[in-house]
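A.B. asks: Here's the letter readout for the chains.
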Amino acid sequence: MTDTAPLSGLLSADPRVVTAGAALFADALSAQAAPVEQVDWRPPADGTETALARVMADPRRNEANAKAVERLLSATAQLVDVRPAHEVLGIEKGTFFHAGPPIAWDRTSGPLRGALIGGMLLEGLADTPEEAERLLEKGDGITLDPCHHHRTVGPMAGVVTPSMWMFELEDTEHGGRAWCSINEGLGKVLRYGAYSSEVIERLRFMSDVVGPLLGQAVRKHGAIDIKAIIAQMLQMGDEGHNRNRAGTLMFLREILPDLIELDVPSSQVAECVRFVSGNDHFFLNLDMPACKLATDAARDIPGSTMVVTMARNGTDFGIQTAGTGDTWFTGPAQLADGLFLGSYGPDDANPDIGDSAITETGGIGGFSMAAAPAIVRFVGGAVPDALATTRRMYEITLAESRAYQIPILEFRGAPTGIDVTKVVRTGILPQINTGMAGKVAGTGQVGAGLVTPPAECFAAAIEGLAQLAPPL
Amino acid sequence: MTDHVEVRRGAYRDSVSLMQVSRAVQDSPGVQVALVAMATELNLELLAGMGLTGPGDAGPNDLLIALRADDEAAVDAAVRAMEAALVALSAQRPGSGGFGDEAPARTTRTAAARIEANLAVISVPGRHAFTEAMDALDSGLSVMIFSDNVPVEQEILLKDAAADRNLLVMGPDCGTAALGGLGLGFANVVSPGRVGLVAASGTGAQELMCLLDAAGVGVSHCLGVGGRDLSSAVGGRSTRQALAALDADPGTDLIVVVSKPPAADVADEVRAFAEKLTTPVQFALLGQGRPDLTAVTEEAVRAVDGQVPTWPTWPSTEEQTPRAGALRGLFSGGTLCDEAMVLAASALGPIASNIPLRPEWALPDDLRAGGHVMIDFGDDRLTEGRPHPMIDPSLRLERLAQEAADASVGVVLMDVVLGYGAHEDPATGLAAAIRSARSTATAAGRDLAVVVSLCGTRSDPQGLDRQAATLLDAGASVFLSNAAAARHAVSLVRQEATA
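Sequences listed follow chains A and B, in order.
First residue of the first sequence: 35, per the working numbering; consecutive thereafter.
First residue of the second sequence: 22, per the working numbering; consecutive thereafter.
No wet-lab data here; the hints were simulated from the structure.
Only a predicted model underlies this, so the values are computations on that prediction, with no experimental measurement involved.
C-beta: ideal position from N, C-alpha, C; glycine also.
Any given hint could turn out to be false.
To be verified - Not the full set, but computed from the structure, chain A residues with beta-carbon under 8 Å of chain B:
#1 L45
#2 R50
#3 F59
#4 V73
#5 L286
Claimed, not checked - Beyond 10 Å from chain B on every Cβ pair, some chain A residues (computed):
#6 K127
#7 Q368
#8 I462
Stated by the list, open to error - Covered, in the sense of this in silico footprint (three residues per stretch, anywhere, with C-beta under 8 Å from a C-beta of chain A), are these stretches of chain B:
#9 150-156
#10 347-358
#11 479-491
All chains should be modelled from the sequences, with the hints used to inform the complete structure.
C.D. replies: Structure (structure tokens):
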């Protein structure tokens, strides 16, 4: 079959047929011994068909998506420095970056409130949690701003304050930069909405010891290729969202000689190393900005239907697409389905929160679930579920990663680049692996599980894309 | 001797996979040494050991490709072998990937990749057809769209997108097509041969193919284009593509275009296009004052030096004579209905219909009228949210019972379409309904004549002769030629009684 033959050789090739719709046509073809594959077709959500058709008809779509995919896949991610937020992001006291789409205090969820209260205490803006809450409520001199508006991502509540130290990553291919705070560990931590004195003390230790030491070590080492570590962690049982154990170890392996050689007391190095190696999720805050770099590289491509952000603030779930600029398409954040720590139960959990769904947006996390059989029980599933999940994600993505591969799927590239049209057509929602925060401010983590965005986000996005597409 | 060294930045692969790629490159003819590996220190040393120099700035996350071969051509071949091995490594192996069952494909794109498809048959509800068809075109597939109720502006977009991609859109509302010997949609089993069809009408194409088959003339391909393709709006977009493809097909000696008369401007354009082809094109444009499908078939048979046969009939064993009462046609095929109306109207005058020959003969929405009436049960408005009457005959059989109870009705004309896609045994259900209808009439002191136009071939899964015998047994007269069936039905209407 050659492309120059009329109709690409349709009349000379043996027909190999896909059928979508009535089963009898597939049966008729099978009866004639023709190769046939039937689509398990289901109608898209009611009311989306007009917008969907208009977007599918957009002559820019294929080229725009090819460009978006190429930029996403070719982006690199080098850790180049670790610096304080006030220095690199120009964030001032009273300003708090947070996860998810924009939100005002009155609509914030418990964990985000808790993290903001902790941030006030950390920055010395209040002496007690009660005072912090009062000041936040009043709002004078307080600014809430999404991380995503500052090329930054934050897990769970994602609160960033001026004194926090940030990983600084660079995409050498497209020149992009992205930032993320340093991961605190599990349990009672700020990002899960806890703000007790142990939480604040740990944050101070991170700013005093961990951040500065890592910064010096990274500068001494030279750029560290985070993308290469992600590629390898997927082959070692991590999926990069809820399991980051191999990634953390490999990062530590990379940085350890330079840490040891720093001109600081060995006890400080030991404290720093103990902190990193004691936190299986340490690497999450490195793979998140790596994914942020990749999806940011694909922003602002008119006509592209690819998702470049999925993020939650604990109240709203918001997505952004390459073809719709900075517009957020939002819906209510959902409750995760999974397992609970200790005596916590479903009633204790807050709806989905965090910028960490950037990992799924970049093709890892829930999308690469099949790479992490060790974690599936932790989020309440079985190994076949993990395989099925990753396979299902190929239905809604534009590409397969060249760098990130799934060993158990015979090294198939991770499903990458969520296509709004495919989500709307199939009703298959992106699968996100996530932690669960307690809904009462100050609680901390209560569990982990699986969650999807609300379908409303994608219905709104297809409308937004349709409005920018040429009329039919 | 030619060296080739290249570095691909950030293209991480695991070492085991790359050893397989290296092996593929080494096996390429004329290759002396080859190394495809990540540019680690170790591998850069290996490279130096081979007497090759890598770029100084390559690092462990860059893919290093180095080879030495006899000449330029051998290098090119080796690089191609490497590309192929790299592609083969990762994905793109449809259906591949790990253990356990793979879930059914949810989109045309996914299903297409699994079998390397070249054609999609779309029969989803019309308002969703565009999206699925566009997905098929984006995946490099030609498309047959069975769905109706697709907006014309979407049809135009699809056909333009198809032309851009050197693909064909058959439809929307394309009921029948055949590629080589493979029937698509509603398709009769006909012998292979050298007549190619371009059909803007599904049942028109089926009738033509069945008659050709009965005459011993086979068909190469039948490319459906959809009922609107030759309208001014669509402008023959698919027809031109189909004509060009059949012209280039060495297996096609004669092309027949089956359609209702096109819009005048389009007709001129398509004729001019056809005249430039090397393969002769016969236009079978149906309508008042034009040859019927049977006459068109006979012309085609003669054009390929075939013998026009006596068209098969199975006359009723009971004598059918002219009687008082109106003619009612109950059709599943639009073109068959149209042809019957043209023939009947010239003898009997106005025929009320849901697809009327003249606007003033239109049936009201309840499809009720006195006098001669013919209904196309396959029309868009009667199939929305309901299976096609060739699949589900219930609506038509219900109407037959009503006609039987109507004292003003003397003759009922119906079509039965066989082949793949159609009901597995339409005659049995219809025969029972015919018996019941005739006994209803008899009980009321009338004689109801039933005439059937049977569109099928001896190779159809339902069996032409078996179906005919079943209908004959119920007291119907059966004709292979729709035109002959219509003429017979008209001949049974005593005209002075209905004037």
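A.B. asks: Now, for every hint given, state plainly whether the structure supports it.
C.D. replies: Checked hints:
1. L45: holds, 5 Å
2. R50: holds, 5 Å
3. F59: The hint holds - F59 of chain A has a Cβ within 8 Å of chain B, the shortest such distance being about 5 Å.
4. V73: holds, 5 Å
5. L286: It is violated, given that the least Cβ distance between L286 of chain A and chain B is near 18 Å, above 8 Å.
6. K127: holds, 39 Å
7. Q368: The claim holds: Q368 of chain A sits with its nearest Cβ about 21 Å from chain B, beyond 10 Å.
8. I462: Violated: least Cβ distance 7 Å, not greater than 10 Å.
9. 150-156: holds (count 5)
10. 347-358: violated (count 0)
11. 479-491: violated (count 1)
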